[in-house]
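Student: Residue-level listing of the chains:
Number of protein chains: 2
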Amino acid sequence: MNSSAAYLRLCDALMENSPALLATDQLLRDTLTLSSGNPGKLIRARLVLAAADAHGLEEGPAERLACAVEYFHIASLLLDDLPCMDDAWTRRGRPCAHKLYGESSAILGALAFINRAYALTGFVFASHPAEIRLQATACLDACLGPAGLVGGQAADLSFAQSDRSAREVAMIAARKTGSLFWLAVYFPALLGAPSQKELHALKALCVYWGLAYQAADDLQDALLNAFESGKTAGRDRALTRPNLAHAIGVPATQARIARLMEQSRRVVERLGATSQRWGYLGGFHREFVEPMVCAVAA
Amino acid sequence: MNSSAAYLRLCDALMENSPALLATDQLLRDTLTLSSGNPGKLIRARLVLAAADAHGLEEGPAERLACAVEYFHIASLLLDDLPCMDDAWTRRGRPCAHKLYGESSAILGALAFINRAYALTGFVFASHPAEIRLQATACLDACLGPAGLVGGQAADLSFAQSDRSAREVAMIAARKTGSLFWLAVYFPALLGAPSQKELHALKALCVYWGLAYQAADDLQDALLNAFESGKTAGRDRALTRPNLAHAIGVPATQARIARLMEQSRRVVERLGATSQRWGYLGGFHREFVEPMVCAVAA
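Line by line, the protein sequences are chains A and B. This note's numbering puts the first residue of the first sequence at 911, with every later residue one more than the last. This note's numbering puts the first residue of the second sequence at 911, with every later residue one more than the last.
It is possible that part of the hints are untrue.
[As the list claims (entries may be wrong)] Pairs of lysine to aspartate or glutamate, EDC-like flavour, derived with a Cα cap of 20 Å:
#1 B:Lys-1009 x A:Asp-997
#2 B:Lys-1009 x B:Asp-997
#3 B:Lys-1009 x B:Asp-963
#4 B:Lys-1113 x B:Glu-1179
#5 A:Lys-1009 x B:Asp-997
#6 B:Lys-1113 x B:Asp-997
None of these hints come from the bench; they were simulated from the model.
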């Protein structure tokens, strides 16, 4: 399937599986419709879809799993944008949900997406062996809890009180952005019952891609304006948030991104050599990760 | 097991399974520790524990399932108390988490509890047949999403713009308070693979108990002061929130509670007659629900 067909398929699936269909409250429904109907690049959802297709899931369950990971991501954006978090005004070129429909609707909308994501995951994994289900549960627990996304966001908000070192920045990036790559790469790969060696390589890939992606995002925040980035830019410095370009400078950030890209390319090649079923990771690296990261890092 | 032993066992389990153990951020850890270390009456967790014991779960998994439902409940309290929701200052006789540690910590704390609750549920149900797991997933989806807790809270906040009828009040109570009774009664009962007739009776019991409990809570808010109730009282009228005692008056509310208690007593008896394993529901009705509801409704 070509890339724009997959994108359109995902846009439809995000509306079809949305919790908006069950919402009777107007503000909640509008929040959910806005959030699932205004997708970004869908990097993570496309990765999950490619993985699910490669590992033999049928069309419906594959889309539902991709929606689940995207809903976790949407929920994190709704909450990150709140006044008590990053206090953002725009997201994907439009006013943030909390600006349009109120903070309570943004919070409840995030909960509705998280809940739906867990339900979709439960339904998709229901017929898989207990061992795979336990691994998937442990993966969600690690990625979304205090050791993952929630902990990363908390450390992000406390960053001004930390030593503001490059190490602290990397730790936060690993938990915040890295966790969502674990959900997009490691989590659906469990469907393919990978060997220990393959699991090891997948973990490394999540780390490299996640760090490169966050570093590119930091560069973008440091260099571009809101019009170009589609979201409230320059916030990291204004709010004393972790930003690699502020911590080590622009040239060193660009060099680090190049190194992470090289490391991930090598992992992708190594995985491709073990089995054809990991071919989608190589395609993804060339088609999306490299162009996206390099566009801002060049 | 007597009631105070079960209570102490649950207090320990709530700390042992808490996401606080994984939190490195001070504010997040303090929020989680405060919330799981200052339990209320643990009505729902005790119901789950009794059900899990009755349906043959071992000690550890039984406690973990009880913690899961209590964590869902704690998360809903953390979020309900926020300034953009009910704007409460005290909870269980202490300052609310957002007053002590900030709104972002309260929100992230709620997410950590929800995530942990789903993980515990996934681990506990992992070895059960697919049919029971699918029912459990569907139950969580219905109870926690826009048709349940999230939708109830949204309707609660929009109540001032509704017709403010007793019907609207009952709909909101069913979604907000009712959903948590479904999690405490219907959800763990799935472990016992109930018949269609038993499922029907369990659903009715959730409705009756949920409505009676919410009506008693409404009466408490309308009649008592903050010192007596342990939380910010009189908020319903101040914020134009749904309150049965405001909608139909105090005597009619008391009469409705008495009727709901009679209806639930009959369902509990009917269930007890079908099988001994539902005996815990009768014990619970006599020991907790009646005294608690009647104390305020008398």
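Student: Does each hint hold? Answer for all of them.
Tutor: To see whether the hints hold, each was checked on the structure:
1. B:Lys-1009 x A:Asp-997: Since the Cα atoms of Lys-1009 (chain B) and Asp-997 (chain A) sit roughly 19 Å apart, the hinted pair holds (cutoff 20 Å).
2. B:Lys-1009 x B:Asp-997: holds, 10 Å
3. B:Lys-1009 x B:Asp-963: violated, 38 Å
4. B:Lys-1113 x B:Glu-1179: holds, 14 Å
5. A:Lys-1009 x B:Asp-997: Cα-Cα ~19 Å, so holds.
6. B:Lys-1113 x B:Asp-997: Roughly 32 Å between the alpha carbons, so the hint for Lys-1113 (chain B) and Asp-997 (chain B) is violated.
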